[in-house]
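K.L.:
Read top to bottom, the protein sequences are chains A and B.
Just so you know, this note's numbering puts the end of the first sequence at 349, numbered straight through with nothing missing.
Just so you know, this note's numbering puts the end of the second sequence at 345, numbered straight through with nothing missing.
Treat the hints with caution; some may be incorrect.
BS3-like, lysine-lysine: derived pairs with alpha carbons at most 27 Å apart [as the list claims (entries may be wrong)]:
#1 K68/B x K180/B
#2 K176/A x K180/B
#3 K69/A x K161/A
#4 K310/B x K215/B
#5 K212/A x K69/A
#6 K310/B x K147/A
#7 K273/B x K176/A
#8 K36/A x K69/A
#9 K215/B x K273/B
Far from chain A, some chain B residues (derived; all Cβ distances over 10 Å) [what the hints assert, rightly or not]:
#10 A91
#11 M125
#12 Q129
#13 G222
Since the hints were derived computationally from the structure, they do not count as laboratory data.
Quick reminder that beta carbons are idealized off the backbone N, C-alpha and C, glycines included.
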Amino acid sequence: MSVNTPNAERQIWIYTQMLRIRTFEERVKRTFTDHPGVIRGHTHLADGAEASIVGSLSGFKKGDAALATYRCHGYPLVLGSDPKAAMAEIYGRVDGLCKGLGGSMHLTDVAHGFLGTSGIVGAGIPHAAGAAWAAQIRGKEEVVLCFFGDGASKQGAFAETLNIASLWKLPCVFVMENNGYNVVTTSAQEDANAAAGEPLSIKAKAFAMPGVTVDGTDPLAVHAVVSEAVARARAGHGPTLVESKVYRLSAHGNIIAPPGVPLHYPEHEAITVFGNSAEYEAALRGDPVPRFRGILVQNGILTPEHAAKITSEVDAEMQAAVDFALKSPFPTLESALQYNYA
Amino acid sequence: MAQTFIEILRRALDEEMARDAAVYLLGEDVAEGGAFGVTKGLAAKHGATRVKNTPISEAAITGMATGAALCGLKPILEIMFIDFATLALDCLVNQAAKYRYMSGGQLAVPMVVRTQSGAAGGAAAQHSQSLESWFIHVPGLVVVAPSSPMEAYGLLKSAIRLGDPVLFIEHKRLYAMKEDFVDSAELPTIGKARVAREGSDVTIIAYSAMVRTALEAAETLAGRGISAEVIDLRTLLPLDMATISASVSKTHRAIVAHEAVMSGGVGAEIAARIADELFDELDAPVKRVGCPFVPIPFAPELEKALLPNALSIVQAAQELVR
């Protein structure tokens, strides 16, 4: 264990946050069957990436910022957003984080340092660099965490931004969550490095910045790698590209269908497209949430009783989020015409 | 002493940088003055940190200006030619224009994107376009197109202080235009047009370099017994329909003149609004003057022949006022 290993209390915090994300998103998924029609549009779940999200954010300080993609439910929950407001946003209600104007793909909570997302793959990367430029100017050793997927690394904005970020030594950590799939295309099918058997963090070399690949299902490993990158950024030494390897345990998103057609989550693409049930089942066996709980129990950090207490507290918290969001009113028509301009 | 458009624009930038420490310039070669020398000397005066050269990466630098604007800076980004804004379009349309809205008012993007457009001197098809109408279709953006040095001075200052993403379109044909600098405490309001010349028979609605052309046409028309009112729109989004309405209700005839092609242009939008809101006031159809529907040719003689000029506007006016 390195000096970067969080203490017991902090490890329990990490586990609790992972479970909060998982449970919150299970409630999102269940909404499609428990309350048909309540969620419209697109949702994308981060199940399988909880360890990566929490491990990356565990060193987040006030004044830091995070930006992410449309797969964005986890980050604000870790940063302190109220799950009630997050769920209400996903349900398109007035009490949502964005008053129902953003939805599942665009959760934003500025008060907690979550500056928002882009539904356009890769588009948020330069925004994070811009936020990091502002942080560099402020000169308070604040950093920006930029989350995106492996698919985004094929966008021009990725290459353009990493070049500038490295050149300007911006205090930014680029966390690429590689979940192996671009909707229904595997990384090896669309990434030259992946096809050549190289880690995607090798892309950092083209931009003269450190590139590290980490097991994104191990929150302590992610914490160690990202906290080192954060320390480097705070010290003014510039950005790092972290490839965090995770496995997306749900399909890319709920089905996209015309109004009137009930929405649901299909099976994972490994099964539906590639017929590879073995791969999917292996991923399920490696599910980072129960695995980390097992490690904590095994290491004597968490007792089974304590774990059960956390589970029941988180269940109650997320049930309350669903209950609150279901009762929250729809936004008024007038609000649709607000917020366009200052 | 008379100063050029470029000098007066530089003065506005200089003063706003001195006034507000949050104002930063960035763009390709801006520390050396940029392609047209607008920002020349500002790096020496305000420091290299506040006047940042960027790589040729329009998607990233527009995104970075947007991200910095989310975090308290007021970036002024220079996109060298509006033709290159295609590379920044995703950020402008999908992100900068929507951050305030999608966040339910939590975020703001107080950013000015300075760019220049229009045809002059044989820059050919990829450095001469007038693409402003693309941007007036996007809720959340503001589009400003000044018609003279002093107009640019006031409008740029107002744009910097506005708090929303502004596309500030300068016309390369205006860069050498000279005017006396007049100190005025009052800045123009973004979204308000101005009557550049009063008249009673026909309203000529123009913006950017075409305002000068419209004024020239109005002078010719006056000699032929037609009194033309010229409106300088100043801001294309939001559009000042109140000023247009007051004028057309007086003249009962309207021409929209711009350098851009007519299809899907600003003139199409204004003609539709006049037809919709002022149909009973009209004594004649609304006329549009613009470029033929082709790219801008290189050969300077052809470029000149295709661009709408004062004669095009005079002819349109004479067709309306018989």
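K.L.:
If you draw a straight line from the CA of K310/B to the CA of K147/A, is it 27 Å or shorter?
P.N.:
violated (58 Å)
K.L.:
Can you confirm whether the C-alpha distance between K68/B and K180/B stays at or below 27 Å?
P.N.:
holds (19 Å)
K.L.:
Decide if the proposed pair is consistent with the structure: K215/B and K273/B, CA atoms, cutoff 27 Å inclusive.
P.N.:
holds (19 Å)
K.L.:
Compare the distance between the alpha carbons of K273/B and K176/A with 27 Å, and conclude whether the hinted pair is satisfied.
P.N.:
With Cα atoms ~60 Å apart, K273/B and K176/A exceed 27 Å; violated.
K.L.:
Please settle this one: M125/B was flagged as non-interface, so is its CB more than 10 Å from every CB on chain A?
P.N.:
violated (4 Å)
K.L.:
If we take the beta carbon of A91/B, is the closest beta carbon in chain A still more than 10 Å away?
P.N.:
violated (4 Å)
K.L.:
Need the status of pair K212/A, K69/A: alpha-carbon distance at most 27 Å?
P.N.:
This hinted pair is violated, its Cα atoms lying about 31 Å apart.
K.L.:
CA of K176/A to CA of K180/B, is that 27 Å or under?
P.N.:
violated (31 Å)
K.L.:
Checking one constraint from the list: CA of K36/A to CA of K69/A, max 27 Å. Satisfied?
P.N.:
Not satisfied, since the Cα-Cα distance of roughly 31 Å exceeds 27 Å.
K.L.:
Between K310/B and K215/B, is the straight-line Cα distance small enough, at 27 Å or below?
P.N.:
Satisfied, since the Cα-Cα distance of roughly 22 Å is no more than 27 Å.
K.L.:
Given the hint that K69/A pairs with K161/A, test it: the Cα-Cα distance must not exceed 27 Å.
P.N.:
Outside the cut-off at roughly 32 Å; violated.
K.L.:
Would you say Q129/B is clear of chain A, with no C-beta pair closer than or equal to 10 Å?
P.N.:
violated (4 Å)
Checked against the numbered hints given earlier, this structure breaks hints 2, 3, 5, 6, 7, 8, 10, 11, 12; the rest are met.
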